[in-house]
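In the UniProt record's numbering, the protein residues as written are 1 to 201.
A couple of the hints might just be wrong.
Restraint-style ranges between C-beta atoms, simulated for each label pair [claimed, not checked]:
#, residue 1, residue 2, range
1, ASP181, ASP42, 20 to 30 Å
2, PRO137, ASN6, 30 to 40 Å
3, GLU144, PRO51, 19 to 29 Å
4, PRO19, GLU110, 36 to 46 Å
5, GLY134, SER185, 26 to 36 Å
6, GLU167, ASP120, 15 to 25 Å
7, GLU150, GLU70, 28 to 38 Å
8, ASP181, GLU150, 23 to 33 Å
9, PRO137, GLU17, 40 to 50 Å
10, ASP23, ASP120, 22 to 32 Å
11, ARG176, GLU110, 23 to 33 Å
12, PRO143, ILE36, 21 to 31 Å
13, GLU70, GLU148, 33 to 43 Å
By construction, these hints were calculated from the structure, which means they are not laboratory data.
Keep in mind it's a predicted model, so treat the numbers as computed, not measured.
All C-beta atoms, glycine included, are put in the ideal place defined by N, C-alpha and C.
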Amino acid sequence: MKLRQNVRHFAARKALELPVVGDTVHDKLVDLHVRIFAGWADETHREEREPHLEAFFDGAIDMYLAALQEGYDEATAREMTHIVGTFDFYDHGWAEMMEFPPEEVQAHYERHREFFERHDISVVDPLGEFEPAGGLPDAPATPERLEEGEFPHATGGFADDVYVEDEAGDVQQGGREEPEDVDVSRAVGADVEQSNAKENE
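Hey, can you work out the whole structure from these sequences and the hints?
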């Protein structure tokens, strides 16, 4: 699928592995994803989906970090979190929140089958072992939305690989090379000095 990739993504990738600040960045990334995807939801269903989205992305960020630690590059690891998100939206019939069309669901699964199977992830169980211990809060499904066939945020045609768009709007196949000197403070929610102060309290 196609993703944006810039210095903030690399900063977040690095920050997540740091003590203290990593927890803060994790929580901020969860908040960011909930805000974005809840914003895509039909207004009449937005509020009722937020607890589910919060728990889901809590697990998805854990999955992202695990993929990085297994050696996947930033773009591929992040793509997998977006893919399982669309699996979840597809399962619930949340068509307006899907990032690729239904006919590409299986292709995205197959491309990452090795990682997904290793962690018990499937289209119908999109977090696998990364699902929070208490499970995911229920949220009403809208299967009729899939039948209507309208997917306003879905971009098709990128199921064969990860594609990244840079700050200039240029798109390339495969992730960008990680910069040598990444400023962790550019990560969402990162304040290294404040986090270090908390650690020393």
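Comparing the hints with the structure gives:
1. Checking the proposed 20 to 30 Å range against ASP181 and ASP42 shows it is violated: the Cβ atoms sit about 43 Å from each other.
2. Distance hint check for PRO137 and ASN6: the Cβ-Cβ separation is about 32 Å, which falls inside the suggested range of 30 to 40 Å.
3. Checking the proposed 19 to 29 Å range against GLU144 and PRO51 shows it holds: the Cβ atoms sit about 22 Å from each other.
4. Judged by the Cβ atoms, the range 36 to 46 Å given for PRO19 and GLU110 holds: they are separated by roughly 37 Å.
5. Taken as a hint, the range 26 to 36 Å holds for the pair GLY134 and SER185, whose Cβ atoms sit roughly 33 Å apart.
6. Evaluation of the 15 to 25 Å hint for GLU167 and ASP120 yields a failure: the beta carbon distance comes to about 37 Å.
7. The hinted range of 28 to 38 Å is satisfied by GLU150 and GLU70, whose Cβ atoms lie roughly 36 Å apart.
8. With their beta carbons about 44 Å apart, ASP181 and GLU150 fall outside the hinted range of 23 to 33 Å.
9. Here the CB-CB span from PRO137 to GLU17 is close to 28 Å, at odds with the stated 40 to 50 Å.
10. Taking the beta carbon of each, ASP23 and ASP120 are about 25 Å apart, inside 22 to 32 Å as hinted.
11. Under the hint 23 to 33 Å, the C-beta atoms of ARG176 and GLU110, about 25 Å apart, fit the expected range.
12. In this structure the hint that PRO143 and ILE36 lie 21 to 31 Å apart at CB holds, the actual value being about 23 Å.
13. Range check, GLU70 to GLU148: about 38 Å between beta-carbon atoms, so the 33 to 43 Å window is met.
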